[in-house]
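Q: Those protein sequences? They're chains P and V, same order as listed.
Position one of the first sequence corresponds to residue 0 (numbering that gives the first Met the number 0), numbered consecutively onward.
Position one of the second sequence corresponds to residue 0 (numbering that gives the first Met the number 0), numbered consecutively onward.
No wet-lab data here; the hints were simulated from the structure.
Some hints could be false.
[What the hints assert, rightly or not] In silico SDA-like pairs for lysine to any residue, Cα to Cα no more than 25 angstroms straight-line:
no. : chain 1 : residue 1 : chain 2 : residue 2
1   : V       : LYS217    : P       : LYS357
2   : V       : LYS217    : P       : PRO143
3   : P       : LYS357    : P       : PHE371
4   : V       : LYS217    : P       : ALA449
5   : V       : LYS217    : P       : VAL582
[Stated by the list, open to error] Taking beta-carbon pairs under 7 angstroms as the criterion, some of the chain P residues facing chain V (in silico):
no. : residue
6   : ASP141
7   : PRO143
8   : THR517
9   : ARG525
Predicted, not measured: the structure shown is a model, and the values here were computed from it.
Glycine is no exception: its CB is placed at the ideal position from the N, C-alpha and C atoms.
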Amino acid sequence: MDTLVRRDVLAAAVAGLAGLFGVPSEPAAAARIRTVEKQIPLKYTYNPATGVTKVRTFRRKKVVVKFAKKWVLEKRGRKWVRIPYVWSPKRKALIYSRALHLALLGKGRPTPSPDPVTDPVGGDDATDPTPPPGPEPPVLSDNPYIPADLSRHVLRRLGYGVSPAGLADVARAGGPAPWIEQQLDPAAIDDGACEAIVARLPDQAEPIWEVREAIRTGEREGWRQLTSVHTGHIMRAAWSRRQLLTVMEEFWANHFNVTVPSDNIDESRAHYQHVIRTHSLGRFDDLLLATSMHPSMLTYLNNRDSDAEHPNENQGRELLELHTVGIDAGYDETDVLDSARILTGLSVDNESGEYEYKPWRHWVGPVRVLDFAHLNPTRTGGEAVVRAYLRYLATHPATARRIALKLARRFVSDNPPDALVNDLASEYLARDTAIAPVLRLLFESAAFRASVGAKTSRPFESMVATMRTLDVGPEESGIDAATSLVWMAESLGQAPFGAPYPTGWPDVAAAWSSTAVTLNRWNTTRNLVSGWWPSELTRPALRDRVLPANLPGTHGEAVDAIATALFGMPLAEEHRAAVLGFVGKTAGATLRSNSALVTWRLAEVVSLMLDSPYHHYR
Amino acid sequence: MNACPECLAADVSRRSLLASLGVLGSTLLVGGGVRVAWADGPWQGDTVVVLSLRGGFDGLSAVVPLGDPDYADLRPTIAVPAPAALQLDSMFGMHPAMTALKAQWDLGRVAVVTATGLPDPNRSHFSAMDEVERAAPGSGIRTGWLDRMLSLHDPSGPFGAVQLGSTTMPMAFAGPYDELGMNRLADFALDGASDAADRARWTSALTGLHDRAGSALKTSASTTLSALETAAELAEYTPTAAYPDTDLGRTLQDVAQLIKSEVGARVITADEGDWDMHADLGRVDGGWMFEKLTDLSGSLAAFLEDLGPAREQVTLITISEFGRRAQENESGGVDHGWGNVMFVAGGNVNPGVHGDWPGLAAGALEDGDLRATTDYRAVLADVLAHRCGADAAAINAVLPGWNGEFLGVTSP
Numbered sequence: 000m001d002t003l004v005r006r007d008v009l010a011a012a013v014a015g016l017a018g019l020f021g022v023p024s025e026p027a028a029a030a031r032i033r034t035v036e037k038q039i040p041l042k043y044t045y046n047p048a049t050g051v052t053k054v055r056t057f058r059r060k061k062v063v064v065k066f067a068k069k070w071v072l073e074k075r076g077r078k079w080v081r082i083p084y085v086w087s088p089k090r091k092a093l094i095y096s097r098a099l100h101l102a103l104l105g106k107g108r109p110t111p112s113p114d115p116v117t118d119p120v121g122g123d124d125a126t127d128p129t130p131p132p133g134p135e136p137p138v139l140s141d142n143p144y145i146p147a148d149l150s151r152h153v154l155r156r157l158g159y160g161v162s163p164a165g166l167a168d169v170a171r172a173g174g175p176a177p178w179i180e181q182q183l184d185p186a187a188i189d190d191g192a193c194e195a196i197v198a199r200l201p202d203q204a205e206p207i208w209e210v211r212e213a214i215r216t217g218e219r220e221g222w223r224q225l226t227s228v229h230t231g232h233i234m235r236a237a238w239s240r241r242q243l244l245t246v247m248e249e250f251w252a253n254h255f256n257v258t259v260p261s262d263n264i265d266e267s268r269a270h271y272q273h274v275i276r277t278h279s280l281g282r283f284d285d286l287l288l289a290t291s292m293h294p295s296m297l298t299y300l301n302n303r304d305s306d307a308e309h310p311n312e313n314q315g316r317e318l319l320e321l322h323t324v325g326i327d328a329g330y331d332e333t334d335v336l337d338s339a340r341i342l343t344g345l346s347v348d349n350e351s352g353e354y355e356y357k358p359w360r361h362w363v364g365p366v367r368v369l370d371f372a373h374l375n376p377t378r379t380g381g382e383a384v385v386r387a388y389l390r391y392l393a394t395h396p397a398t399a400r401r402i403a404l405k406l407a408r409r410f411v412s413d414n415p416p417d418a419l420v421n422d423l424a425s426e427y428l429a430r431d432t433a434i435a436p437v438l439r440l441l442f443e444s445a446a447f448r449a450s451v452g453a454k455t456s457r458p459f460e461s462m463v464a465t466m467r468t469l470d471v472g473p474e475e476s477g478i479d480a481a482t483s484l485v486w487m488a489e490s491l492g493q494a495p496f497g498a499p500y501p502t503g504w505p506d507v508a509a510a511w512s513s514t515a516v517t518l519n520r521w522n523t524t525r526n527l528v529s530g531w532w533p534s535e536l537t538r539p540a541l542r543d544r545v546l547p548a549n550l551p552g553t554h555g556e557a558v559d560a561i562a563t564a565l566f567g568m569p570l571a572e573e574h575r576a577a578v579l580g581f582v583g584k585t586a587g588a589t590l591r592s593n594s595a596l597v598t599w600r601l602a603e604v605v606s607l608m609l610d611s612p613y614h615h616y617r
Numbered sequence: 000m001n002a003c004p005e006c007l008a009a010d011v012s013r014r015s016l017l018a019s020l021g022v023l024g025s026t027l028l029v030g031g032g033v034r035v036a037w038a039d040g041p042w043q044g045d046t047v048v049v050l051s052l053r054g055g056f057d058g059l060s061a062v063v064p065l066g067d068p069d070y071a072d073l074r075p076t077i078a079v080p081a082p083a084a085l086q087l088d089s090m091f092g093m094h095p096a097m098t099a100l101k102a103q104w105d106l107g108r109v110a111v112v113t114a115t116g117l118p119d120p121n122r123s124h125f126s127a128m129d130e131v132e133r134a135a136p137g138s139g140i141r142t143g144w145l146d147r148m149l150s151l152h153d154p155s156g157p158f159g160a161v162q163l164g165s166t167t168m169p170m171a172f173a174g175p176y177d178e179l180g181m182n183r184l185a186d187f188a189l190d191g192a193s194d195a196a197d198r199a200r201w202t203s204a205l206t207g208l209h210d211r212a213g214s215a216l217k218t219s220a221s222t223t224l225s226a227l228e229t230a231a232e233l234a235e236y237t238p239t240a241a242y243p244d245t246d247l248g249r250t251l252q253d254v255a256q257l258i259k260s261e262v263g264a265r266v267i268t269a270d271e272g273d274w275d276m277h278a279d280l281g282r283v284d285g286g287w288m289f290e291k292l293t294d295l296s297g298s299l300a301a302f303l304e305d306l307g308p309a310r311e312q313v314t315l316i317t318i319s320e321f322g323r324r325a326q327e328n329e330s331g332g333v334d335h336g337w338g339n340v341m342f343v344a345g346g347n348v349n350p351g352v353h354g355d356w357p358g359l360a361a362g363a364l365e366d367g368d369l370r371a372t373t374d375y376r377a378v379l380a381d382v383l384a385h386r387c388g389a390d391a392a393a394i395n396a397v398l399p400g401w402n403g404e405f406l407g408v409t410s411p
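Chain P with its partners taken away, still in its complex shape (with noise of 0.2 angstroms):
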């Protein structure tokens, strides 16, 4: 139990008074904003006479806060409110002040009595609102094309790419760290339009059995029903303000590929999306549970058919090797047989199509994998067992380590350093397989700070990469261009979730640098900027989107501008030279209203710059 004694609020409470009456309600310009420790008092004793708080226990918050020159501010959904605690660099993190707190409430109210200022007693642990948390390591790129811009990087490499509504969010939320911690909670986040488009499409919580039933009865067809789960994705990849949800839903259904299509899914593929995105920033735990007894997975993996007689050992085989502990933990065939042996029963109604747990096909007698072993005596306690070891598998070292290195292989790079991995590991562990908690960790690492363009796009991620930076929006209404967004997906080698093995899409820049990948993700590319198809996806005129109205001067000038638009900075001389000479001009050339470079050619020229390695990587 942390324990806090401290002498210093009356300082805190002087100069939260002096901010009180002296301060402008405004943040000033040069606030800083993080993300910090907040301890918030559970037990504590206050004396008005000496103004000292006594903090005996308190719990532990990650908050966004905002240093002013008087107050804290705290980021509360969308607005910055002061609160009574002060930074004590001691304890690297925010205290709570009772008298700092009197103050505050006291505000257009007669002076809180006693008063503070009267009586000042000095402290040990003397606090100054002002001084930022511990210096941050920087923003770096070893990549000539790619500026160090955290705004951008957080863009890229925790949603979808760079939009122009992308960077107002991150402006709103008040800068980059901000945006990460709202990221993080992603229901505090109003994704309401995004929300009303998926909305065209079946919802994907709806019961099973019901889905099961429109499919039966012709009201709704299966394969629809199963490419809705694309399409659902492709619309919250480019439209969703909860980019990091989308991402890690993204994430863990490749974790735990359930490849559409596959046989049998239809009716249930949709509502394990659903299950994957509910858990998704909660606890990994649960998100193994929640899949491993879906009906999709034990339809994909076989072990809806498994029995005690012969168990199949797909499940209980994929369970170690990808899904948990991974192919290197020391396990061996009589492990699998056993993994597969615990499984038995987890499977699914034939008439409802929903999970089932079918008692006289478990394998019943003592059963051991790695170090987990049980009796496993009954068939009725099967499933008491498979939870068991399903949470025994999910606090494995070796699986915190996997997980730890696929999260910074997502999120830092193909070879990311060890310690990153380690530290993610030991929070996965310490926070018993919270999600968030790693993440958060991780996003504030050195490593991720220095490792900007260092991912390289994927062809899913490219092609929405390509349509966020164009501003390309969802159709009026249905789903006809939605759907064909799929398709163009699927062309391009990698529609979501269409992995065709149980191992999902790899993540690794070599995986996706063939000849194959490069042309179609170029001539993906001049399609969606000269929206020719599906053309039913609105979007700004491309001149309005990437040159002001008052055209500049000349055709340097205006390629400055183009990249600007895209990219946050001008292309490097060279670069501005080829693109030069593709329209064939100097820089200096006069640029005119009806000049090729901003008429006719120009979705030719944005096509140009988005194929090039400015617009390459993730």
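Start from chain P and add chain V according to the hints.
A: For chain V alone, kept in the frame of chain P given last:
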């Protein structure tokens, strides 16, 4: 799938790529752990063309067991009557829609393997396709057999392994080798760069823009640009045979063009779907099956004819995920089954009907299905051994666990 040749030397090693694909500890044992003599030196073998008949091809309709006493009774409305069939031998005849392919048969360019399939029945489309194309049953190997075969040799440029008719790669191509997928050969072009001058403009600008990129990205851009140039330079193609005006006809025409252009194609895959005939398969003289077989036969025949002398270095195999139930169902169709027919065609096949016929008697069927008495991998091994020069180690690397008999479908 999609790994580039240059990545083998790039920052991310082949090993880490394999690890990321989850194939470490499996393929490396066969692909990298064992030194395979066949792997050294350039490719000496045929261009192998794999035509996948997706959806479950009804081999019993295509190569009909006319002499089997139970055949006609099992299929009261859809059977091919013996007089209508194109007799192959005393037991089998081709469907009458297949006259074009029968003519190729008569020229000795076609072999048939009957009662072949996966070692154990698998009646799910996707999972059976995976099994067939992984061709490594009972192992954790996650790569495809064609990719394993290709990976044993040095890459031969972007056209070394091509999927035509679709940009979605087959499971057989899963793995580190860099295969190329395209709908049509003519589609392999940069949209909007229609003539040589345009291509030069794009090439120069894209090259300039990539000058500071890392070696892997730079190489994939330059490889792509040169492949585009190669494709653009392929001469206007005039086939020497008339292909049906169908997707399959057009695809196989592209396959022939690619082979005859000598751009280094070792493996070409193509798909022909729509074989999942649960209902209304049709009758001997018309309907769904009749039309599909007419197309298949005509396209294959045109392809074999069009190849001309190049046929001597080409072997084509057809594969389907499963055969279909021996007995016709209530809807005049056939449900998912097991044993099936494979066609092997080219300049060096041993013509004739191969395989052991288990019969269609009730006691001979497996849950109502024709048994697969020939593991389909025996056909692949035959082609590898006789037409691609693979030794035992190489065959074991490509088809791990297979140690059956060679059928002699092709000649060495």
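Q: Each hint needs a verdict: does it hold in this structure or not?
A: Status of each hint after checking the structure:
Distance check on the hinted pair: V/LYS217 and P/LYS357 sit about 56 angstroms apart at the alpha-carbon level, beyond 25 angstroms; violated. Straight-line distance between C-alpha atoms of V/LYS217 and P/PRO143 comes to about 14 angstroms, which keeps the hinted pair within the 25 angstroms bound. Distance restraint check for P/LYS357 and P/PHE371: the Cα-Cα separation of roughly 23 angstroms lies within the 25 angstroms cut-off, and the hinted pair is therefore satisfied. About 23 angstroms separates the Cα atoms of V/LYS217 and P/ALA449, which keeps this hinted pair within 25 angstroms; it holds.
Simply put, V/LYS217 and P/VAL582 have alpha-carbon atoms about 22 angstroms apart, close enough for the 25 angstroms limit, and the pair holds. The beta carbon of P/ASP141 is not positioned within 7 angstroms of any beta carbon in chain V (closest approach about 10 angstroms), and the interface hint is therefore violated. Below 7 angstroms, beta-carbon pairs count as interface contacts, and P/PRO143 has one with chain V at about 5 angstroms; its hint therefore holds. A cut of 7 angstroms between beta carbons decides the hint on P/THR517: the least distance to chain V is about 4 angstroms, and the hint holds.
Interface hint at P/ARG525: satisfied, since its Cβ lies 5 angstroms from the closest Cβ of chain V, which is below the 7 angstroms cut-off.
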